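Q: Protein chains in written order, with the working numbering: chain A, 54 to 344; chain B, 7 to 220.
If you are wondering where the hints come from, they were derived from the structure by calculation, not from laboratory data. Remember, it's a predicted structure, so these values are computed and weren't measured experimentally. Honestly, I wouldn't trust all of these hints.
[Stated by the list, open to error] Here are some of the chain B residues that sit facing chain A, going by a computed Cβ distance under 8 Å:
id, residue
1, Leu54
2, Val55
3, Val77
4, Tyr149
Think of the CB as a built atom: it goes at the ideal place given N, C-alpha and C, for glycine as much as any other residue.
For reference, the chains in residue letters:
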Amino acid sequence: MSSIAARPVVIMGRPYAQRRSWRASIRMQVDAPAGRSRLRDCEHSGPLRIQKVLYPQGERLAQLLLLHPPGGIAGGDQLAVELSVEENAHALLTTPGAGKWYKSGGDVARQDVALKVAAGAALEWFPQEAIVFDEAVAEQTLTIDCTADARCCGWDIVVLGRQARNERFMAGRWSQHIEIRRDGRLLWLERSRIQGDDELLKSVVGWNRHHVSGLLWATGFTPDEALIDQCRSSGEADVILGVTALPDGPLLVRVLGSSAEQVREVLSRIWTLLRPPLLGIAAQLPRIWST
Amino acid sequence: MGALLQLSSPALPVGAFSYSQVLESAIDKAIVTDAASAQAWIADSLKLVLGRYEAPVWCRLRAAWDARDLVGFSTWNGEFIASRETRELRAETLQMGYSLRQLLLATGNADIPGGDLCFPAAHACASALWGLSPPLALYGYLYGWLENQVMSALKAVPLGQVAGQKLLLAVRPRISGVVEGAFAIRDEDLSTQAPMLGLLSSQHETQYSRLFRS
Chain A
54 MSSIAARPVV IMGRPYAQRR SWRASIRMQV DAPAGRSRLR DCEHSGPLRI QKVLYPQGER
114 LAQLLLLHPP GGIAGGDQLA VELSVEENAH ALLTTPGAGK WYKSGGDVAR QDVALKVAAG
174 AALEWFPQEA IVFDEAVAEQ TLTIDCTADA RCCGWDIVVL GRQARNERFM AGRWSQHIEI
234 RRDGRLLWLE RSRIQGDDEL LKSVVGWNRH HVSGLLWATG FTPDEALIDQ CRSSGEADVI
294 LGVTALPDGP LLVRVLGSSA EQVREVLSRI WTLLRPPLLG IAAQLPRIWS T
Chain B
7 MGALLQLSSP ALPVGAFSYS QVLESAIDKA IVTDAASAQA WIADSLKLVL GRYEAPVWCR
67 LRAAWDARDL VGFSTWNGEF IASRETRELR AETLQMGYSL RQLLLATGNA DIPGGDLCFP
127 AAHACASALW GLSPPLALYG YLYGWLENQV MSALKAVPLG QVAGQKLLLA VRPRISGVVE
187 GAFAIRDEDL STQAPMLGLL SSQHETQYSR LFRS
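Chain A on its own, in the form it takes in the complex (with noise of 0.2 Å):
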């Protein structure tokens, strides 16, 4: 482990006098030489790993299951991922539970998360939710890189302030950049900046007051109308919901909600939907999910 600073960061409003700023990163790989996904050149420095490799649906797919110990990311925190998924090999990767964004005492804390995926190969991305606490600084950049046939799916989802304590986001900030490339073209990109209280989060072109942000996205096939459609019929009723399919790729879906749990199921339900003619394999999710 390596602590670049040992000085105070306020945590949930309580001074740390301990809390120690953490760069952590994890650099793996995950190939297929015989049929079967494994995770090989596990690389990590810092308080990230790989908890656990699974295999719940046959080898063909490794489930990944990326531990962050501290359980949250503060202010002055550096975080990177890479993950390769070589050609032919299948990988999920996510998370035990929610991420977090703490209070930050003014320093930035950054994830960089840098996704490749080889020809023949597929990746789906399902880290659980984000939530980013009220007076968090907090810079995240995720890139996707595909090469010719591969097949991506995956989601963000964003939770501003703490809902269990009703806690608003109203100071800090949120930046997230997220951009996905097939052989190097841009295919779709969002710049996110949003300084707490911002006026977007009440504007009727923003998050028109609601706290959950979903987007999922799904690239490496053409859906067809039935599909879109199917996915459109997916929402709630708390739940606002939005799916388009760009004619390069990727599918996309957008909701916005209230409640964490909601926007997970809606956005789960479309995941399985879309599983099956985009991966070829049956929709389940992971079981970490439910515990």
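Knowing the structure of chain A, use the given hints to seat chain B on it.
A: Only chain B this time, still in chain A's reference frame:
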């Protein structure tokens, strides 16, 4: 002055009148129901959507064009296209960009980049070729957008002509601030975040009754 008026006029043959840029969907979902809610929608779009991304990207495209920086121009053009997150919004910017390029080619300007061109990129080129200063040209770009939004509201809410002029009077003074901000903002502060806009644009694809293509 003449070039500015011509480039900002609804008579410019780029088909802007056929796009409501999600306003029609907001009306269908009863988010916009009258002059006041139309004004809120349009003013927020101007400040929070165009102001945080489209206008600053226009500035970057124009600067790259003026500096003959074709790599920079192509990067921002590609990024803007990729940031149009729905089928309709992407088709709209590409069609309008294509039409403006055709117009420029037909009027003797051969020096226009090929390939997919988003509307802000084509507009930035046109404004340079027609000798407009960047702030003035961006003002014209945003005013043209505003007028088109108001015309969409007139047809789809619907609103009367006087209500439309009142809307223009109310929102027009905010354009200058957006122009100033667009030239000042740093790359890392750009934001495309507008989830309701994206959602409602997706929903417009299957809207039962539609006057507009976006």
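Q: Look at each hint and say if it fits the structure.
A: Evaluation of the provided hints:
1. Leu54: Nearest chain A Cβ about 5 Å off; hint holds.
2. Val55: holds (6 Å)
3. Val77: violated (14 Å)
4. Tyr149: violated (19 Å)
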